[in-house]
Amino acid sequence: MLQQIIAIFIIALFIWRLILQKKKQKINNNEFFFWMSFWSLGIIAIIFIRQIDSFLIYLGFSGSGINFLLYLSVLALFYLIFKLRLALAKTEANITKIARQIALDQERENKNN
Amino acid sequence: MKIFCIIPAYNEEKNIASVITRVKPFVDRIVVVNDCSVDKTAEIVRDCDATLISHPINRGQGAALQTGNEYALTQGADIIIHFDADNQFQAEEIPEVIAPLLANQADAVLGSRFLSKQSNLPAFKKNIIMPLARTVNRLFFNIKLSDPQSGFRALNRKAAQKIKIQQDGMAHCSEIMHQLFAHKLRVSEIPITVIYHEFGQKFSGGVRIVKDIIIKKIIK
Chain B
206 MLQQIIAIFI
216 IALFIWRLIL
226 QKKKQKINNN
236 EFFFWMSFWS
246 LGIIAIIFIR
256 QIDSFLIYLG
266 FSGSGINFLL
276 YLSVLALFYL
286 IFKLRLALAK
296 TEANITKIAR
306 QIALDQEREN
316 KNN
Chain P
198 MKIFCIIPAY
208 NEEKNIASVI
218 TRVKPFVDRI
228 VVVNDCSVDK
238 TAEIVRDCDA
248 TLISHPINRG
258 QGAALQTGNE
268 YALTQGADII
278 IHFDADNQFQ
288 AEEIPEVIAP
298 LLANQADAVL
308 GSRFLSKQSN
318 LPAFKKNIIM
328 PLARTVNRLF
338 FNIKLSDPQS
348 GFRALNRKAA
358 QKIKIQQDGM
368 AHCSEIMHQL
378 FAHKLRVSEI
388 PITVIYHEFG
398 QKFSGGVRIV
408 KDIIIKKIIK
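Those sequence lines, one after another, are chains B and P.
Just so we're aligned: the first sequence equals residues 206 to 318 in the working numbering.
Just so we're aligned: the second sequence equals residues 198 to 417 in the working numbering.
By construction, these hints were calculated from the structure, which means they are not laboratory data.
Worth double-checking, as some hints may not be accurate.
What the hints assert, rightly or not - Straight-line alpha carbon distances no greater than 27 Å define the calculated BS3-like cross-link-like pairs of lysine-lysine that follow:
#1 B/LYS288 - P/LYS408
#2 P/LYS408 - B/LYS295
#3 P/LYS361 - B/LYS316
#4 P/LYS237 - B/LYS316
#5 P/LYS408 - B/LYS302
#6 P/LYS237 - B/LYS302
#7 P/LYS359 - P/LYS381
#8 P/LYS359 - B/LYS295
#9 P/LYS355 - B/LYS302
#10 P/LYS237 - P/LYS221
#11 B/LYS288 - P/LYS413
#12 B/LYS316 - P/LYS221
#13 P/LYS413 - B/LYS302
#14 P/LYS361 - B/LYS302
#15 P/LYS199 - B/LYS316
#16 B/LYS295 - P/LYS413
#17 P/LYS359 - B/LYS302
#18 B/LYS295 - P/LYS361
#19 P/LYS361 - B/LYS288
With the hints as constraints, model all of the structure from the sequences given.
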């Protein structure tokens with residue numbers, strides 16, 4: 206019970222910081238709603254940890270609910286890194302296009318001068 | 198027939214002048230794409246009989262080749278040759294490489310280090326890296342060519358128009374081969390000689406190529 210309270214307290218701190226960032230307009234609506242949903246789900250999962258335990262036993266898993274949440278978090282992190290890598294690749298491709306255009310325009314200018 | 202030679206260059210102040218001098222007798226125009234070198238490459242090229250295009254930031258050899266292709270096409274190139282700036286390729290072999298294009302027997306000619314001519318490939322490269330690269334090409338692109346990573350190639354106008362190099366780094370070799378076959382262009386392999394002054398692409402570079410190929414396959 207104490208562990209659950211501590212976990213909820215920590216998440217509440219994150220949510221508080223999130224609201225502050227939104228107030229200062231450091232993040233947009235989409236980011237705010239994404240992270241708010243993420244942390245809210247976290248609180249719900251912690252409150253209903255025993256029910257998750259029971260559900261996992263029902264499914265035939267031996268691990269506890271908290272382990273399950275940990276595995277889910279690792280999976281989510283991998284997914285986020287992967288998405289980030291793809292976004293980075295697209296940005297890199299766009300940077301190349303801009304660099305190429307600048308180089309070709311510069312050559313044209315040099316020729317005209 | 199307007200024959201252009203594209204030379205991507207990054208920090209090649211020691212070699213670029215001699216490469217230009219050696220290539221010039223065999224082509225109509227030389228285009229050096231300076232990939233934001235931090236040495237005197239650009240200054241040296243300005244004093245040579247070559248067109249200089251400079252990337253404002255370093256984008257990699259594949260990106261430089263695509264820049265060169267686009268420029269050469271706007272200048273009416275009929276044949277585009279890709280040639281390295283490190284003095285490892287033999288300029289005297291350019292006529293042999295472009296011969297199938299001039300005879301209209303191919304749309305693209307790829308130089309190969311593994312046919313009749315002998316290159317002084319480092320043993321690790323020859324026996325480990327190259328077989329692995331061939332496997333990657335077969336796995337990802339179903340390409341069965343003798344040289345999986347040759348940078349010495351020539352394209353006719355049709356091929357150069359169809360090929361869009363999106364791999365900014367060294368994975369462009371595999372990408373070009375893949376696009377040549379995907380566009381059903383006529384591809385020919387010609388033996389070339391490569392004189393290695395240093396090891397060149399390392400195993401880690403090969404790993405990066407595979408990573409780039411996978412990422413590009415996913416984001417397509």
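To see whether the hints hold, each was checked on the structure:
Only pairs whose Cα atoms come within 27 Å are accepted, and B/LYS288 paired with P/LYS408 is accepted, the gap being roughly 15 Å. Taking the CA atoms of P/LYS408 and B/LYS295, the gap is near 15 Å; set against the 27 Å cutoff, the hint holds. For the suggested pair P/LYS361 and B/LYS316, the alpha carbons sit about 25 Å apart, so the restraint of at most 27 Å is met. The suggested pairing of P/LYS237 with B/LYS316 holds, with an alpha-carbon distance near 21 Å, which does not exceed 27 Å.
Distance hint between P/LYS408 and B/LYS302 is fulfilled; the C-alpha atoms sit about 21 Å from each other, no more than 27 Å. Restraint check for P/LYS237 and B/LYS302: the C-alpha separation of about 25 Å stays at or below 27 Å, so the hint holds. Taken as a hint, the P/LYS359 and P/LYS381 pair is honoured in the structure, with Cα atoms around 10 Å apart against an allowance of 27 Å. Using a Cα cut-off of 27 Å, the hinted pair P/LYS359 and B/LYS295 holds, with the two alpha carbons roughly 21 Å apart.
As the CA atoms of P/LYS355 and B/LYS302 are separated by approximately 22 Å, the hinted pair is consistent with the 27 Å bound. Proposed proximity of P/LYS237 and P/LYS221 is supported: the alpha carbons are some 20 Å apart, at most 27 Å. With a CA separation close to 13 Å, the supplied pair B/LYS288 and P/LYS413 stays within the 27 Å bound. Of the supplied pair hints, the one linking B/LYS316 and P/LYS221 holds, its CA atoms being roughly 21 Å apart against a limit of 27 Å.
Our distance criterion of 27 Å between C-alpha atoms is met by P/LYS413 and B/LYS302, whose separation comes to about 16 Å. For the proposed pair P/LYS361 and B/LYS302, the alpha carbon gap of about 12 Å is at most 27 Å, so the pair holds. At roughly 19 Å between alpha-carbon atoms, P/LYS199 and B/LYS316 fall within 27 Å of each other, so this suggested pair holds. Among the hinted pairs, B/LYS295 with P/LYS413 is consistent with the structure: their alpha-carbon atoms are about 9 Å apart, no more than 27 Å.
Distance hint between P/LYS359 and B/LYS302 is fulfilled; the C-alpha atoms sit about 17 Å from each other, no more than 27 Å. Distance check on the hinted pair: B/LYS295 and P/LYS361 sit about 16 Å apart at the alpha-carbon level, within 27 Å; holds. For the hint linking P/LYS361 to B/LYS288, the alpha-carbon distance of about 25 Å falls within 27 Å, and the restraint holds.
In the structure shown, no violation is registered for any of the earlier numbered hints.
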